[in-house]
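Chemist: Residue strings, one per chain:
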Amino acid sequence: MLSRVAENLYWLGRDLERVENIARMAEVSHTVSVESGGTDGDQHAWDAVLAATGSLELYSKAQQDDPLLTPAEFLLLSSANPNSLRRTLVVARALARELREQLSREVWEEINRIYLDVHATRTDFRDFRDGMHAFCDQVRSGVASILGLFDNTVLMDEGRDWFRCGVYLERADMTSRIVDTKYFVLLPTAQDIGGALDRSQWVAVLRSASAWQAFRMTHRGAITGPRVATMLVRSEQFPRSLYFCVRAFRRHFEAASDRTPAGQTVHVARELALLDLDLASVDEAALVQQGVHEFMDGFQGRLIEVDRLVHEHIFHVLPSVA
Amino acid sequence: MSDPFSGYEQLAGPDEMFAPDGTPRPAYSAFAERLGAWSIEHIDGRQRRSEMDLLASGITFTVYQDEAEVDRIFPFSIIPRIVAHDEWTTIETGLQQRVKALNAFLHDVYHDQRCVTDGVIPGEVLFGAAAFNLRMVGFEPPQGVYTHIAGSDLIRDQHGEFRILEDNVRTPSGVSYVLENRRTMLEAVPELFPEGAVSPVTDYPEHLREMLIEVRPEGVAADEARVVILTPGSFNSAYFEHTFLAQQMGVDLVEGRDLIVHDQTVYLRATTGLERVDVIYKRVDDDFLDPLAFRPDSVLGVAGLADAYRSGKVTLANAMGVGVADDKVVYRFVPDFIRYYLGEEPILRNIDTLAAVLPEDLEEMCANLDQLVVKPAGESGGYGLVVGPQASDAELRACEERIRDNPRNWIAQPLQEFSSIPTLLDGALRARRADLRPFALTGNDTWVLPGGLTRVALVEGSYVVNSSQGGGSKDTWVLRPPRASEG
Numbered sequence: 001m002l003s004r005v006a007e008n009l010y011w012l013g014r015d016l017e018r019v020e021n022i023a024r025m026a027e028v029s030h031t032v033s034v035e036s037g038g039t040d041g042d043q044h045a046w047d048a049v050l051a052a053t054g055s056l057e058l059y060s061k062a063q064q065d066d067p068l069l070t071p072a073e074f075l076l077l078s079s080a081n082p083n084s085l086r087r088t089l090v091v092a093r094a095l096a097r098e099l100r101e102q103l104s105r106e107v108w109e110e111i112n113r114i115y116l117d118v119h120a121t122r123t124d125f126r127d128f129r130d131g132m133h134a135f136c137d138q139v140r141s142g143v144a145s146i147l148g149l150f151d152n153t154v155l156m157d158e159g160r161d162w163f164r165c166g167v168y169l170e171r172a173d174m175t176s177r178i179v180d181t182k183y184f185v186l187l188p189t190a191q192d193i194g195g196a197l198d199r200s201q202w203v204a205v206l207r208s209a210s211a212w213q214a215f216r217m218t219h220r221g222a223i224t225g226p227r228v229a230t231m232l233v234r235s236e237q238f239p240r241s242l243y244f245c246v247r248a249f250r251r252h253f254e255a256a257s258d259r260t261p262a263g264q265t266v267h268v269a270r271e272l273a274l275l276d277l278d279l280a281s282v283d284e285a286a287l288v289q290q291g292v293h294e295f296m297d298g299f300q301g302r303l304i305e306v307d308r309l310v311h312e313h314i315f316h317v318l319p320s321v322a
Numbered sequence: 001m002s003d004p005f006s007g008y009e010q011l012a013g014p015d016e017m018f019a020p021d022g023t024p025r026p027a028y029s030a031f032a033e034r035l036g037a038w039s040i041e042h043i044d045g046r047q048r049r050s051e052m053d054l055l056a057s058g059i060t061f062t063v064y065q066d067e068a069e070v071d072r073i074f075p076f077s078i079i080p081r082i083v084a085h086d087e088w089t090t091i092e093t094g095l096q097q098r099v100k101a102l103n104a105f106l107h108d109v110y111h112d113q114r115c116v117t118d119g120v121i122p123g124e125v126l127f128g129a130a131a132f133n134l135r136m137v138g139f140e141p142p143q144g145v146y147t148h149i150a151g152s153d154l155i156r157d158q159h160g161e162f163r164i165l166e167d168n169v170r171t172p173s174g175v176s177y178v179l180e181n182r183r184t185m186l187e188a189v190p191e192l193f194p195e196g197a198v199s200p201v202t203d204y205p206e207h208l209r210e211m212l213i214e215v216r217p218e219g220v221a222a223d224e225a226r227v228v229i230l231t232p233g234s235f236n237s238a239y240f241e242h243t244f245l246a247q248q249m250g251v252d253l254v255e256g257r258d259l260i261v262h263d264q265t266v267y268l269r270a271t272t273g274l275e276r277v278d279v280i281y282k283r284v285d286d287d288f289l290d291p292l293a294f295r296p297d298s299v300l301g302v303a304g305l306a307d308a309y310r311s312g313k314v315t316l317a318n319a320m321g322v323g324v325a326d327d328k329v330v331y332r333f334v335p336d337f338i339r340y341y342l343g344e345e346p347i348l349r350n351i352d353t354l355a356a357v358l359p360e361d362l363e364e365m366c367a368n369l370d371q372l373v374v375k376p377a378g379e380s381g382g383y384g385l386v387v388g389p390q391a392s393d394a395e396l397r398a399c400e401e402r403i404r405d406n407p408r409n410w411i412a413q414p415l416q417e418f419s420s421i422p423t424l425l426d427g428a429l430r431a432r433r434a435d436l437r438p439f440a441l442t443g444n445d446t447w448v449l450p451g452g453l454t455r456v457a458l459v460e461g462s463y464v465v466n467s468s469q470g471g472g473s474k475d476t477w478v479l480r481p482p483r484a485s486e487g
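Heads up: the protein sequence lines correspond to chains Y and L, in order. In this text, residue positions in the first sequence follow this note's numbering: the first is 1, and each later residue adds one. In this text, residue positions in the second sequence follow this note's numbering: the first is 1, and each later residue adds one.
These are computed hints drawn from the structure, not numbers from a lab. Glycine is no exception: its CB is placed at the ideal position from the N, C-alpha and C atoms. Among these hints, one or two may not hold up.
[Claimed, not checked] Between beta-carbon pairs, the in silico distance windows are:
| id | chain 1 | residue 1 | chain 2 | residue 2 | range |
| --- | --- | --- | --- | --- | --- |
| 1 | L | 264 | Y | 262 | 52 to 62 Å |
| 2 | L | 203 | Y | 68 | 55 to 65 Å |
| 3 | L | 425 | Y | 153 | 29 to 39 Å |
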């Protein structure tokens, strides 16, 4: 497979996964803020998502120019925010268009459809409350359809593995950011820990990661920060946990690079093996001892390294003539 | 029920669907009967559905309005052009003849240049052609083929005869719309197809693939030949067609940066290493092919590609330097090429053309500017066109100045009242002028796709069908031979 095509499929996976994550997090923030009725929790709920998508500082700046700009609009529809759902989707659709001959007609048309839907949504939507749920729902089911169509209409070859690598890397990154923002942005005061606010925020974290039901199915006891974080890091069964994503990435990477010279693959393979081993050894006590924020920070750094190695040694390498 | 054809007004020049007395022509009779049973509202509904299909399938181009990106489809009309079988036979054999003559001409141009010494064409026309490529002199392309893919534009003139308007042998585009328009028609208006009477077009990519393999370099086995399509990238307006053909043929779509040349051999960069490339269907202009040979500022090309091509280790389709054959001034001489190289009379005639480079043509041109369509030789896509009867005196004076300033760059033709086809616009059928671009593939022999791109001028009274100038397109139905039982 052409290196450029492999790279584009990888990024298509990343961008689509990111679009779905933004929509899901926005939906949760929206419910939380409506429920808390515009108290402090309101702004906090949005700050967490803005931080997780790297848009917090950009938002503060944009808000100075336009005091009426809502976090929802900035996060979802703004063309000025390079991390917004709209902009991410525009990039994904451009990639898909470039990759068109690699995708099935069904996959392409679904990507095109959600792109057209999001494009049709008014950008000056000041009071976005009424349409929020429908909008996010539409985008989420669109991405879910694409992932499903990819599995059911696209050849199970190298390209599909690169696409999946992109999906899982982005998903691991987003899950770790969702947990991290709870500590970083919503940092509870000592007396809050274990209180009602703390608990509701952890439920929001679980819902942001689509993990609320999965948590309840696997944990009978109280909802505590360490238990939630441990599940999202270490679960072998939950398809958005860090451990699950890293192992899936590793599996797809091995399949995708099956015929790539070992001299090229060794760099990524080594990093993945270490990450896999390290995650396997994590438990609640270790996580608490290290500190959830510190752990997530370190994890994100290692994902960045994996991403860099894939580009340097697989996508961008200039092979020698055999 | 309202008659969809009531109030339909024919233009000057023939109407493809109706005879002057308003009765459907024979080729359209079955179609007209079916369409006539529909109300205009129903036809409009089907038209809108086909537009939604095209939007959903993303066959769109992006325009920028008030800083926002808007996706538009190329306007498509569900009333097809229908070509009778015997007329098509003339077009088919005429194109085969023309392509043969153009290839003989190109071979002559890059070898003995007998056409100049024998006075068939003035040397200054030939060597003044921007596309004349010195690197091709003395080079023998595989199978002697230069114009593997050719797409000539035809119009039906006021007397009802199909004539060649221009040849496109560099990178003719539009064939993907031929296939997609057919697909859209089959989905949107299946009831309108007379059963079994329309020639299918879907096997074009298979013919293209087979032809590309036929012209592979010597010494490469047919089942091992690696074919790729070279595209300028996703910002090119024909990019959809590039991906479409790559997908339909099952070949890689590559950009310049995906290829490298080593030891006069072309390789593509794959995740598993380098893989040899044998045939390149290039959709990149010659100027951007190889920064070492042509434009050093080009980032689109592949360094060393021109050299690899000349060494015979890779085939380019079409060959480099073929643009000299579709130069608008050279066009004037193509009927003479047919007589000179093949000893035959042209089956398809040119439009009468004046080339300002010939002194007698220049004077005739300047004396009759208000009745002529003047075209710059170096442009395509309908740019720079001056339509005499529609131009102001000031425009005509400026035009004459430009012609006298650089005669090599101008040709002129009488305004053609070429044929029109009913086209649904704003809920009513209106006559709009249309041309026809069939596609001819040449490997061991020349095959013409039974169909083609019908482009239609959507603006009232317009003669310009180019999509860049607001033109739309239609499906083209080539009728199969009538069965014996039906007489």
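Chemist: Please go over all the hints and tell whether each is borne out by the structure.
Modeler: Okay, the hints, checked on the actual structure:
1. Under the hint 52 to 62 Å, the C-beta atoms of residue 264(L) and residue 262(Y), about 30 Å apart, miss the expected range.
2. Taken as a hint, the range 55 to 65 Å holds for the pair residue 203(L) and residue 68(Y), whose Cβ atoms sit roughly 58 Å apart.
3. The hinted window of 29 to 39 Å between residue 425(L) and residue 153(Y) holds, with their beta carbons roughly 37 Å apart.
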